[in-house]
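The task is simple: from the sequences and hints, build the whole structure.
Residue strings, one per chain:
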Amino acid sequence: MDLNRLAARRTAVLAVEVPGWSRTRCALEEHVRDRGWRLAGSPADADLLVVCGRPGARLTAAVDHVWSQLPGPRARAEVTTAADVPATLDRAAAELADGAAQRRDAADRPADPDPGTTATGDGDMGDMDDMDMDDHDMDDSGDMDMGDMDHGDMDHGDMDHGDMDHGDMDMPMPAGIGLAGGGDDDQLPDPDALDLDVLHVPLGPVLPHWPAGLLLHTTLQGELVVSARAEVLLPAEDAPPDAPVHGTPAGRWDAVATLLALAGWDDAATRAARVRDALLAGGQPPEAERLARRITRSRLLRWSLSGLGRLPEGDAHDRLRHWLEGTEQRRSTELTAVAELVTGLDLATARLVVASLDLDTADRVTVPAEAGS
Amino acid sequence: MTVTEVSVGWVPMAAALLLVVAAAAASLDGALAARSAGQPLGGGLLTPVAETTRLFRQRRRTTAAADLPLQRIGGAGLLTAALLMVAVVPFGRWTVADLTVGIVWFNAMDVLVWAAVWLAGWGPNSAHALVAGYRFLAQALSYELPLMFALTAPAVAAGSLRLGDVVAAQSGLWFVVWMPVAFGVFCVAVAGFSVWGPLGAPASGVFTEASGVDRWLLSTGRYALLTAGAAFGTTAFLGGGHGPLLPAWLWLLVKTAGLLAVLVALRRRLPVVAPERFAAPAWLVALPLVLLQLLFVSVVVVVQA
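As you go down the protein sequences, you meet chains Z and Y in turn. All letters in the first sequence, in the order written, are residues 1 to 373 by the working numbering. All letters in the second sequence, in the order written, are residues 1001 to 1305 by the working numbering.
Careful, some of the hints might be misleading.
[Stated by the list, open to error] To give an idea of the chain Z side of the interface with chain Y (calculated C-beta under 10 Å), a few residues: (1) 6; (2) 38; (3) 45; (4) 72; (5) 76; (6) 100; (7) 101; (8) 268; (9) 311; (10) 312; (11) 333; (12) 337; (13) 349.
Bear in mind the hints are in silico, worked out from the structure with no lab data behind them. Since the structure is predicted, the reported quantities are computational estimates derived from the model, not experimental observations. Built from N, CA and C at the ideal position, the CB exists for glycine as well.
Here it is as structure tokens:
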């Protein structure tokens, strides 16, 4: 068998949903599944980058940055309607299999990893969620979107990086990245009282199983989010979006699939996505009821979700049950509330909590909101 | 049945066998994934071959200011630890290394995994990978102590740390029959050090920045660890090569494959448990239970003597 075709069987697709295009993203996921492909968990894992919808300027910049993080061979596509998905995937697959084009692409890329916009930029680097391309954001003190690191001169770790600004080149900035540091201004009391280094990590806007366009600026101490600020990156103006999926039965199953995927229950997540796609196609999937029973009955799932993202009407598992039973109440979650809910959680739990809120980012005014301090 | 140590020349064969069984486990996982996606099972069975082809033609990606030497050591560490684990497992009448402290050796190798996973998380210089590396250590703290005591039970029963003696001691009755708790704890710990199934929470984070051959090493290493764990579990609890009709090596293979299939299928059935939630049941339930199991085994051994 041709090696290209063999490798193409496992093509990994990184799906980027622009607020307003969840119908297209659902169609993309369905076709990816039907081809035996799979969704990528991070840019490093992806062969294809498919943008669903027409992103605005900041979201485009973030997508461009993610594109530079795909290892290659790679291909990129944009799709705006569910009907266009098959043809778009065919074209992208052909591009991926085109050896000559891929070699040209590889030759044009810099050999060294892209550290984003280096010291004068936002200290961005090859980190999957490091897609914060916002200009004004650079002025935030010490917004170093960086992992913790050892560059062989750890004595600098003791220096004060709390309020560094990016033009300050006295600071050791290996590969153009500022070090995490014990910040005096930034430092907030953390539950373990460890006074760990302060680190600024943006979550989103391109992150699997994450609300479309949501950008959560988090400040970490250790693995805990000590403060957060949420905003939504907008689609291009005048772009006609899809019919909404949120608030329909299919939308509820989409939320179920998203939450289960993050909870690491791949099997149930895939089946929930199939139910969603059958509903979107206008069918009444007979397996829905059995799957709902199976999910509700899982004790391990109840145990791992209970107490997460507690709102007046219940926790993450309660919301999951309401989605499955179709008894959830439509409510609008303010972005400030999102930021408050994730404060004090570790990264993985924060993602679970955000998924459990089932935010409809297409349906809100973008108001950057601060919380947690 | 005596176990003889074969010459070093057989080591590549042992490694190849480990990889073949690990690939079979990946095939099974692919087939099960294809079934839940509503796809033909046949396509899923090809998963390890297709994924290997895909990753071998993918560019190796590096991140800015990565700690490359440590990242590579961590990446290769999982597969290495798995190979060193199976080295002491008797394959029927033969073994690669007939160590007098085989059980302790296995235990030492599974602790090696701590370092490997953490280094793989540390190396890429990325917050997600680093956090996942540390979260694996937290998880390891939970499963390691119960695992150590679970491993002690067969050693006490056999009166030896040599795996050949452990197998010989099960000629009448498999250890799993009278030490089921130790076996259960052992299986959970195998999922733990393979970063698999319900204990696979740190895996996606550690894998975040890995591509190409680096990702292949990590993911193959996980399947190899799962395989090595199943082979060791078969030897220590399921009677090793004991069984009617078939030769001992084939029995070992069949039982290992069975245990491995159960471990692989488990992943489809269960969601993951966050490391911080896992700590309480591991220390408050599993540890006392496995200590009671050990007490029971010790009393039986003393009474029989």
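We went through each hint and held it up to the structure:
1. Hint status for residue 6/Z relative to chain Y: holds, with the closest Cβ pair at about 5 Å, below 10 Å.
2. Hint status for residue 38/Z: holds, given a least beta-carbon distance of 8 Å to chain Y, under 10 Å.
3. The closest approach between the C-beta of residue 45/Z and any C-beta of chain Y is roughly 7 Å, which is under the 10 Å cut-off, so the hint is satisfied.
4. Annotation: residue 72/Z was flagged as interfacial toward chain Y, and the flag holds, the nearest CB pair being 5 Å apart, inside 10 Å.
5. Annotation: residue 76/Z was flagged as interfacial toward chain Y, and the flag is violated, the nearest CB pair being 15 Å apart, outside 10 Å.
6. With its C-beta approaching chain Y no nearer than about 14 Å, residue 100/Z sits outside the 10 Å limit, and its interface hint is violated.
7. The interface hint given for residue 101/Z is broken, as the beta carbon of that residue sits about 14 Å from the closest beta carbon of chain Y, more than 10 Å.
8. Hint on residue 268/Z holds. Least Cβ distance to chain Y is approximately 8 Å, under the 10 Å limit.
9. For residue 311/Z, the suggested interface contact is broken, since its CB lies about 20 Å from the closest CB of chain Y, more than 10 Å.
10. Residue-level restraint check for residue 312/Z is violated (minimum Cβ-Cβ distance to chain Y is 24 Å; threshold 10 Å).
11. Hint status for residue 333/Z: violated, given a least beta-carbon distance of 23 Å to chain Y, over 10 Å.
12. Checking residue 337/Z against chain Y by beta carbon gives a least distance of about 23 Å; that is not within 10 Å, so the hint is violated.
13. Using the Cβ-Cβ criterion of 10 Å, the hint placing residue 349/Z at the interface with chain Y is satisfied: the shortest such distance is roughly 7 Å.
This entry does not satisfy hints 5, 6, 7, 9, 10, 11, 12, going by the numbered hints stated previously.
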